[in-house]
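Listed in order, the protein sequences are those of chains A and B. So in this note's numbering, spot 241 of the first sequence is number 241, and the numbers just go up one at a time. If you want this note's numbering, it's the 1-based position in the second sequence plus 396.
Source of the hints: derived by calculation from the structure; they are not laboratory data.
Distance windows between CB atoms, simulated:
no., chain 1, residue 1, chain 2, residue 2, range
1, B, Asp522, A, Glu70, 54 to 62 Å
2, A, Arg14, B, Ile410, 28 to 36 Å
3, B, His430, A, Glu105, 39 to 47 Å
Virtual Cβ for every residue (Gly too), placed ideally from N, Cα, C.
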Amino acid sequence: MTRNVGIVGGGHTRWGSREATFKDLVQEAGKATFDDVSGVNPADVEGLFVGAVQPERFAFQTHVAPMVAELLGVEADSMIARTELACASGQAALRYAWLAIAAGEIDTALVLGVEKMNLPDDHMPEAQASMTNVMDREFDGVNGLNAPPYFAMVAQRHMHEYGTTREQLAQVSAKNKSHAAHNEFAQFQEEVSVDDVLDSFPLSPPLCLFDCSGITDGAAGLILVSEEKARQLTDEATWITGSGQACFASNSVNNLPSMSGWPQATRAAEQAYEQAGIDDPVRDLDVAEVHDCFSISEIVEYEALGWVEQGDGGQFVEDGRSELDGDIAVNPRGGLLGCGHPLGATGVSQALEIHDQFRGEVPAERRVPDPETGLIHNLSGSASVHSVMTMARGRP
Amino acid sequence: MSDDRDTVTLPDTIELPRLLDFYELQTAEHTGIHEFYENLRAGRLTTTQCTDCGETQFPPRVVCPDCHGDDLEYVDLPHDGELFAFSTVRAGPPMGMEDEVPFVVGIVEVGDVRLSTRIDGAQYEDLAIGDPVRLKVVEIDGPADHERVFFRFEPR
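Okay, chain B solo, but in the shape it has when bound (with noise of 0.2 Å):
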């Protein structure tokens, strides 16, 4: 065995890959919701609907699971909310949230729907459940070649 050994480099760090990124990609391309992130993109918070059976999902779907239905359209959510549940995140915050580490996290009731959201614009001692909140859009700078956006809510 030569005493001259060869070397495997492996990079220091590795750059974020799109399937350890929380958030989707958000084109025709990628997602068969890709409505729910135009209308988004365009300020509208909005889900689908079957117009078969007339049952509202959240998240959005491209089948109803009630009854299977594929014809769904998109219909408008109310974009002021009630708050119904919120926490906040001090220790432990998963891959790619560390620097926001205080963060609060909600259930908001918008319309018939209840969703969970980030709470931005408060601290968890300022909220109480049923505090008025209302829809932000926010841009994500992140490994896509698109732009993309998600919902949050703030108190209003």
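The following block holds chain A by itself, in its conformation from the complex (with noise of 0.2 Å):
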């Protein structure tokens, strides 16, 4: 890339079961984003990229992207784009504002992601058909074939084939939703022990009610500059050393590469490794946030990211490996399992997270120590895409 792009700031709303409407939380983490990043103003904003998988679906809305603008007060005088890459569509526009301001087209830029999910009660299998048919809805949406069965087969799979254990899937969703119990935005802030998740309502076998992310409705925010502009605001950024994607011609079910194992995040590690110039990614990486939508995902991540062989990542999180003070500190925010999953918001949040754990803007309960490089990982979907961005702590 031609120039360095930092992140200096951003911000949150509450995540949850919102009494609000999406525009209520566009505003929300708008000023949140401002408040946070001083020196930049709307008026500054030359690129916005807002991350939103279903405004059409869930908020009876399209063409949100001038609707944020307008919500703001952001006058988008050279870019201004919706992105929807499913559960990674935060991260899409994340990239797609890394790739213009390193381009050199645009020096700042905002970057909101948006989802309000929560329907009434009595129109919630609503909002579960508008995630089925994430899916290929004509040949594997129309079975049923939602998030958690879904997810639950990779479990299924992945347990018969390597062993893995139903006791390290809810390790890693007691570690998660801990963190979350110090995340003041997260939706769920309990602790839950290994026992709480085995014991949770068995929803789609075998996975629990516990080893699922919620539905959530929330927004993060983010501004992204150049290093020439980073230089004027702030003494410390959060540089994106490298990002990568892959996708393998495949969507749905039968044209996967894999059920027990995710190849296409392999392949954008690697991209994303090779421009950071990342070696040995455990001993490199101090902190990261992956796409834990359930339990079983994190542990197909550990491998998939290059941290263990196939087959060994249940092993990875019962060695504490994931913990906090382990080879590398997985998921501090909270997780999907425990923030909650508002869909286009989660990549902006977790690349937050990076940030405010750089500067050591988190509750000691869950502050990484001394961390110096990051990354966030987003799946899509089957899983058949695989988004992953690497950053760094540093002075601009």
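Each chain sits in its own coordinate frame; assemble them with the hints.
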């Protein structure tokens, strides 16, 4: 890339089942973002990238990027678009903002991810239908194959092929949810034990309710700037050191490369690691926010991101290597399992967590000791696409 | 301003529109893979094979994703398969499937094809990876002006 790009701040709404509209969430996150970054005002934004998956279905609204601009007083005079990549829409927005700044098209971008998912109680089947249509609706969604049974089958195959245990899945959920207990914006803020996970409702076995992320309303924003601009604003930024994505011409079940491994994540990570100069990710990464939409996902990701051999992911969590003081602190924010998963906002929030960890601006209970490097990962849909971004703390 | 306000009346319910119905419209008027559905109506599970490069697709296509040839022919898939993976939905069903909960959904291998499908006639607890299953064709009673069908599997 021709220019360095830094994150200089951002903000969140409270996440959960919110008494708020899509537009309310946008305004809350936008205010929190600009409040966090002194020296950048809405008038300074040249590019606006909005991560949102299904406002058409969840909020009956299309063309949301100009709505965000209007709600926040942003005159995006160079680039404006919404990105849709299902559960990775937030990281997609971040990636495009990074590319636009790195390429020299703009100096300042606002990335805002938002999803309003909760509908009044008796209309939740509509929200679930929208989630199911993330799969190939005609041949996969039609079977009622929404996310819990899909990832349950990933877990079933991983347990069948590699001997991963039910307890190891629960260890992921207990770890991440217990981090979220100390996160003031998280949807689920209660300490959870391994037994709590195992005793929760067997929603789509082998997965229980606490193996699943939530249906969440929420938004998050980030300000990205060029290195030149960063120098005027701050003496410390979070640098994007690498970014990769991969999809192997596959989306529906028959065409996926595997049901128990995600080689697309390996390809995406290799791209990011190479750009960042990361030779040994376990040695070189301090903190990671990975896409734990379900407990099994995090275990497969340990493997696919190149931290352990295929099949050894369960042992990685069992050995405590993903704890705050482990080899790589994984999901100190609380993950999707603890924070909830407002689809378009998740990737944005993960990047903001890395930034906050670098600045030490998180409660002591979930603070990673002196992190210098970080990673965010998102999968989308049937895990057919994987997106990976690496970051480093540093001076402009 | 008058005290007599006009009323805008909205319907309490809206008939399920076709685009919110999971099942595709299946005739030649609506889809390029109507032959797949015609074969299924006749009790045959088929898919497309490219006459140029020989690749078999599933789902059926109108253009071969491998070579972009558009001369595809329909070939039969086996009606007996093997259960590769399965789970069940006990809560949070999509719209239109509320009355079917709990239902079993799985991945079945038929020949070289691995497809997702509903598994009828069994509870989650009854099943194991590798179980033999067979095709069944179901009729779809819903908002369309033609008879629709879809495939499911059941233990054999």
